[in-house]
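Q: Those protein sequence lines, which keep their order, are chains H and A.
Position 334 of the first sequence, counted from 1, bears residue number 334 in the UniProt record's numbering, the numbering being contiguous throughout.
Position 119 of the second sequence, counted from 1, bears residue number 119 in the UniProt record's numbering, the numbering being contiguous throughout.
Rather than coming from a laboratory, the hints here were simulated on the basis of the structure.
Please read these numbers as outputs of a predicted model, since none were measured by experiment.
Check the hints yourself; a few may be wrong.
[Claimed, not checked] Output of the computed footprint for chain A on chain H, the stretches with three or more beta carbons under 8 Å from beta carbons of chain A:
hint	segment
1	40-52
2	57-65
3	127-137
[To be verified] Capping the alpha-carbon separation at 30 Å, the derived lysine-lysine pairs in DSSO-like fashion look like this:
hint	chain 1	residue 1	chain 2	residue 2
4	H	337	A	105
5	A	320	H	105
6	A	105	H	105
7	H	27	A	27
8	H	105	A	337
9	A	27	H	320
10	H	188	A	105
Beta carbons: idealized from backbone N, C-alpha and C, even for Gly.
Chain by chain, the residues run as shown.
2 protein chains.
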Amino acid sequence: MFDNIAKTNLESLGEFGLIAHITSAVKFKQPTTVKGIGDDAAVLDFSGKKTLVSTDLLLEGIHFDLRYVPLKHLGYKAVQVNLSDIYAMNGVASQITFSLGLSSKFPLEAVEELYSGALLACEKYHVDLVGGDTSASAQGLVISVTSIGHAAAEDIVYRSGAQEGDLLCVSGDLGGAYVGLQLLEREKRIFLENPNIQPDLEGKDYVVERQLKPESRKDIVQLLADLSVKPTAMIDVSDGLASEILHICHASDKGCKLHEDKIPIDPMTYDTSREFGLDPTVCALNGGEDYELLFTIQQADYDRIKNQPDISVIGYITEKSAGCELISKSGKVHPIKAQGWNAFRDNS
Amino acid sequence: MFDNIAKTNLESLGEFGLIAHITSAVKFKQPTTVKGIGDDAAVLDFSGKKTLVSTDLLLEGIHFDLRYVPLKHLGYKAVQVNLSDIYAMNGVASQITFSLGLSSKFPLEAVEELYSGALLACEKYHVDLVGGDTSASAQGLVISVTSIGHAAAEDIVYRSGAQEGDLLCVSGDLGGAYVGLQLLEREKRIFLENPNIQPDLEGKDYVVERQLKPESRKDIVQLLADLSVKPTAMIDVSDGLASEILHICHASDKGCKLHEDKIPIDPMTYDTSREFGLDPTVCALNGGEDYELLFTIQQADYDRIKNQPDISVIGYITEKSAGCELISKSGKVHPIKAQGWNAFRDNS
Chain H
1 MFDNIAKTNL ESLGEFGLIA HITSAVKFKQ PTTVKGIGDD AAVLDFSGKK TLVSTDLLLE
61 GIHFDLRYVP LKHLGYKAVQ VNLSDIYAMN GVASQITFSL GLSSKFPLEA VEELYSGALL
121 ACEKYHVDLV GGDTSASAQG LVISVTSIGH AAAEDIVYRS GAQEGDLLCV SGDLGGAYVG
181 LQLLEREKRI FLENPNIQPD LEGKDYVVER QLKPESRKDI VQLLADLSVK PTAMIDVSDG
241 LASEILHICH ASDKGCKLHE DKIPIDPMTY DTSREFGLDP TVCALNGGED YELLFTIQQA
301 DYDRIKNQPD ISVIGYITEK SAGCELISKS GKVHPIKAQG WNAFRDNS
Chain A
1 MFDNIAKTNL ESLGEFGLIA HITSAVKFKQ PTTVKGIGDD AAVLDFSGKK TLVSTDLLLE
61 GIHFDLRYVP LKHLGYKAVQ VNLSDIYAMN GVASQITFSL GLSSKFPLEA VEELYSGALL
121 ACEKYHVDLV GGDTSASAQG LVISVTSIGH AAAEDIVYRS GAQEGDLLCV SGDLGGAYVG
181 LQLLEREKRI FLENPNIQPD LEGKDYVVER QLKPESRKDI VQLLADLSVK PTAMIDVSDG
241 LASEILHICH ASDKGCKLHE DKIPIDPMTY DTSREFGLDP TVCALNGGED YELLFTIQQA
301 DYDRIKNQPD ISVIGYITEK SAGCELISKS GKVHPIKAQG WNAFRDNS
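Can you make the complete structure from the sequences, with help from the hints?
A: Here is the structure:
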């Protein structure tokens, strides 16, 4: 690994040297950042607004495979995954902390790649990197990101606010990240069997990018604000549509009807899942890692969102006793079950 | 490992089951916690005050050795280490997120032990656990803690505020955690050579506890407020006194004189370091992990702190060109060098 990059030993730099080196590229742009890196804690000013905090752990061999995930993409994705949680509260993401545990195989240049991806995400999403921790790791790469944001109390959207009759909506399309992962895993197996065969990902850019370089939906939060639509409940799609719908229904003490034919699936996701003998709907329901926003809105708001190409109405909220059900394309009714990713099971 | 506890497999619980199980013990007590666990992000209300954020990564085989660190102590220490950074800003710590990466060797009961230690620290320090992430780990235990606090703008103390003539002070005593680590490492080696010999830590409670169960100095922040003393600069002692003094001098663009005979060292630390053939002063300067507070105050405040048994004046701040110097007991002058812990070097 890292064959084609220069190698500077981390031990010679030390932790403080590494931090100084890395953070020299960090610029603070957010008015809410009073003090970023360089003291015991970051100091943030949300003058009267609520503070939002979310955290994620990404571990080598569990969440990513360095044999096909470029480090810059990984840094970028680690940040997106985390910002997504702030947007899912209908909040403004404004800062992150970014921590790394690095095994001895990582030269400085690999760390720079990781950070350059993280900083690219920060720049694109107008977020300041205000802290972190950097350490050796006995085994594998450890990434821990905490994202911090803010919102006025009246703007915050919880998972628990869905009401009977509300429309169930989702942004973008689903299943692509999971199908992209299948492709990358297949090419890895082929490569391991015969290293002379180069990966064949031609014409599959979209699903590969959905897996390697997801974008959190800051734009949807902005769009809803522009349309004067405040969701009644919201969550981001990290574990798969089925799991997230159940989270909203459980937190809101409601049931739902989900229409299979309304679930947005990109043609490339559809075709590629078929190539793998997978049901595209199952990829959307249980694949996860799409980082789209799933939300409920009042029926009265339907006219405001109906012509938005990036928002699909996929069902509606019912009373709890009606259960959480999928209406299939053929009209059959199935209970929705969460078969999303279980971090403690072998998911391969 | 974990021979004497019941074992419930984590895979059978799944991530959500584990989170539900663990978080059932979490109660929110802080008025600043609007919403804790159970949504995409925690919601905190610091109404007009600044938000403080700090994060730490603790990795098995680097920061701790499960062969002699009890899990409950480890959970407790992981929280203390992180709260310490908020106190070092002269802030009020009010929330943490607590994330775990768990290898398959960990049964539920081990995770419960870890959490019980973390929650004990939360309870004792009046901090809410408001979020986290829980995942499998391919190898080894990963702990990531983010602590969140708040302070009025005028109360925050940075590393950069030390002025020429300010007194350099430290709370408690130093070097104990490092000496405790030497003891534990020695007993581990003896045990590995002959498992029938039980660890001999008798009469060494204080230094062992300094290593295994440190306390962050919330009480010192309170004491200084009660005395109406606002430090001009502050940092916590995690890497060793020498390293922290240099941080303050560097950030403040100043020099300092540190008097060896003023460095507070507990008699047990002193005697035990001698047993190991170590210089007690070197243990205090470079040992680290004491989590005491190092701070500077104006000379005018000396009378207010001079009778406080838990605060020692150990030197003073000079102009930068005078350098950072240690005056030894024999009157010799040495430049202060940071030989603290380098996470990328073999420190054993």
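Q: Run every hint past the structure and note whether it holds.
A: Consistency of the hints with the structure:
Evaluation of the coverage hint for the segment 40-52 of chain H: fulfilled, as 12 residues show C-beta separations to chain A shorter than 8 Å, against a requirement of three. Counting residues of the segment 57-65 of chain H whose CB falls under 8 Å from any CB of chain A gives 6; the rule of at least 3 is met. Counting residues of the segment 127-137 of chain H whose CB falls under 8 Å from any CB of chain A gives 8; the rule of at least 3 is met. Annotation: proposed proximity of residue 337 of chain H to residue 105 of chain A holds, straight-line Cα distance about 29 Å (limit 30 Å).
For the given pair, residue 320 of chain A sits about 39 Å from residue 105 of chain H by alpha-carbon distance, which is inconsistent with the 30 Å threshold. Of the supplied pair hints, the one linking residue 105 of chain A and residue 105 of chain H holds, its CA atoms being roughly 25 Å apart against a limit of 30 Å. Between the alpha carbons of residue 27 of chain H and residue 27 of chain A the distance comes to roughly 38 Å, so the proposed pair goes past 30 Å and is violated. Under the criterion of a C-alpha separation no larger than 30 Å, the hint pairing residue 105 of chain H with residue 337 of chain A is consistent with the structure, at around 29 Å.
For the suggested pair residue 27 of chain A and residue 320 of chain H, the alpha carbons sit about 27 Å apart, so the restraint of at most 30 Å is met. Restraint check: the Cα-Cα separation between residue 188 of chain H and residue 105 of chain A comes to about 28 Å, which is no more than 30 Å; the hinted pair holds.
Checked against the numbered hints given earlier, the structure breaks hints 5, 7 and satisfies all the rest.
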